[in-house]
Amino acid sequence: MTRYEFLIYLHILGAIVWVGVVIFFQYLVFRAERTGDYGVLWGLLRDIEWLTNRLFIPATLLVLATGILMVVDGPWSFSQLWIDIGLTAFVVTFALGKGVIEPVGKKVDVLVEEHGPDHPATRRQLQAMFLLMRADVALLVVIVADMASKPTADDVWTLAVGGAILAATAVYVALRFGSLQAGAAEAAPALAE
Amino acid sequence: MRLFTPASLLALAFGFLLVQEGPWSYDELWIDLGLAGFAITFLLGFFFLGPESGRLAKLIDAEGPASPAVRARIRRILFVSRLDLGSLYAIVWIMAVKPSAGDAGALAVAAAIPAAAAMLAVALYQADGRRAAEVPA
Chain A
0 MTRYEFLIYL
10 HILGAIVWVG
20 VVIFFQYLVF
30 RAERTGDYGV
40 LWGLLRDIEW
50 LTNRLFIPAT
60 LLVLATGILM
70 VVDGPWSFSQ
80 LWIDIGLTAF
90 VVTFALGKGV
100 IEPVGKKVDV
110 LVEEHGPDHP
120 ATRRQLQAMF
130 LLMRADVALL
140 VVIVADMASK
150 PTADDVWTLA
160 VGGAILAATA
170 VYVALRFGSL
180 QAGAAEAAPA
190 LAE
Chain B
0 MRLFTPASLL
10 ALAFGFLLVQ
20 EGPWSYDELW
30 IDLGLAGFAI
40 TFLLGFFFLG
50 PESGRLAKLI
60 DAEGPASPAV
70 RARIRRILFV
80 SRLDLGSLYA
90 IVWIMAVKPS
100 AGDAGALAVA
110 AAIPAAAAML
120 AVALYQADGR
130 RAAEVPA
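Those sequence lines, one after another, are chains A and B.
No gaps in the numbering here: position 113 of the first sequence is 112 in numbering that gives the first Met the number 0, and each next residue is one more.
No gaps in the numbering here: position 122 of the second sequence is 121 in numbering that gives the first Met the number 0, and each next residue is one more.
Source of the hints: derived by calculation from the structure; they are not laboratory data.
Cβ atoms here follow ideal geometry from the backbone N, Cα and C, with glycine treated the same way.
It cannot be assumed that every hint is accurate.
To be verified - Some chain B residues judged to face chain A by a derived CB distance under 7 Å, without partners named:
id, residue
1, 2
2, 3
3, 5
4, 69
5, 91
6, 104
7, 105
8, 127
What the hints assert, rightly or not - With a straight-line Cα cutoff of 20 Å, these simulated DMTMM-like cross-link-like pairs (lysine to aspartate or glutamate) come out:
id, chain 1, residue 1, chain 2, residue 2
9, B, 97, B, 27
10, B, 97, B, 51
11, B, 97, B, 20
12, B, 97, A, 72
13, B, 97, A, 4
14, A, 149, A, 4
15, A, 97, A, 72
16, A, 97, A, 108
17, A, 149, B, 20
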C-alpha cells in the first residue's frame with residue numbers, strides 16, 4: 000500500500016460522490032418533472048442547495064487536491080493533455096456551479112418567496128436551473144471519460160467524441176434556453192395584466 | 000430498480016469485460032474480493048433494501064409517516080443502508096489499490112472500512128432510537 004494508492008482511492012471516492020449525487024438528483028428531477036409538481040422540484044432544489052456546501056464542494060475540492068497530489072507524487076506531469084483537459088473542465092464546472100447555477104438558484108428562492116413554486120416565472124427559472132445542471136452532468140461525464148482514457152494529442156477520435164458531446168450539449172442548452180426565454184416574452188404581457 | 004440495479008449490473012458487466020480484455024485473471028485476490036463485495040451489496044439491495052422500501056411505503060400510506068412502526072422501519076433501513084455503504088467504500092478501496100495476498104496493510108484497511116462503518120451504523124441506530132423514544136407518537 001503506497002501513498003499514491005491512498006490518494007487514488009480518495010480521488011475516486013470523491014468523484015463517485017460528486018458525479019453520483021449529481022446524476023442521482025437528475026433522475027429525481029426527471030421524475031418530478033413528469034408529474035408536473037413544481038412544489039416537489041422546489042423541494043429538490045432546496046436539497047441540492049443544502050448539499051452544495053456540505054457535500055458537493057468538499058467532494059470536488061477533494062478530487063482536485065488529490066488529483067494535483069497524484070501528479071506531484073506519481074508518474075504524471077501537468078504538461079499531459081488529459082490532465083490539462085481535466086483541470087480545464089474542472090474549472091468550467093466549478094465556474095458553472097458558482098457563477099451561473101448558484102445565482103439562478105438565488106433567483107428561484109426570491110421568486111418562490113414572492114409568487115410560490117407554481118408561478119410561470121418560477122417554473123421557468125426552475126427549468127433553467129435544471130437545464131444548467133444537465134449541462135454540468137454532460138461535462139462531468141466527459142471528465143470521467145478523459146480520466147479513464149487519458150487521451151494524448153494522437154487520440155483524435157477520443158478527443159473528437161468528447162468534443163462532440165460537449166458541442167451537442169451546448170447546442171441543446173442554447174435551444175432550450177431560447178424556448179424558455181421565448182416563453183417568458185410571451186407570458187410577460189399576460190402577467191402584466 | 001431504475002437506477003441502482005442497472006448501474007450495479009453495468010459495473011459488474013464491464014468489470015467482467017475488463018478482466019477478459021485486460022491483463023487480469025479471476026484468480027487475483029482483489030478481483031475475487033471485489034466480486035464477493037459486489038455479491039454482498041447486490042443481495043442486500045435485492046433481498047432487503049428494495050423490498051423493505053416497498054413495505055415501508057405501504058406502511059406510511061396506511062399509518063402515516065410519524066407512526067412508531069414506520070419510524071422503527073426507517074431506522075432499520077437506514078442501519079442496513081449504512082452497512083451497505085461501508086461495503087461499497089471497501090469495494091472502491093480494493094478496486095483502487097488492487098491488493099494481493101502479501102499486501103497486509105491494504106487488506107487490513109479493506110477490513111477496517113466496513114468494520115468502522117458498522118460501528119458508526121450501530122452508534123447512529125442507537126442514537127436514532129433514543130431520539131425516537133423522546134418524540135411522542
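>> Run through the hints listed earlier and report the numbers of any the structure violates, in increasing order.
In response: 2, 3, 4, 8, 10 and 15
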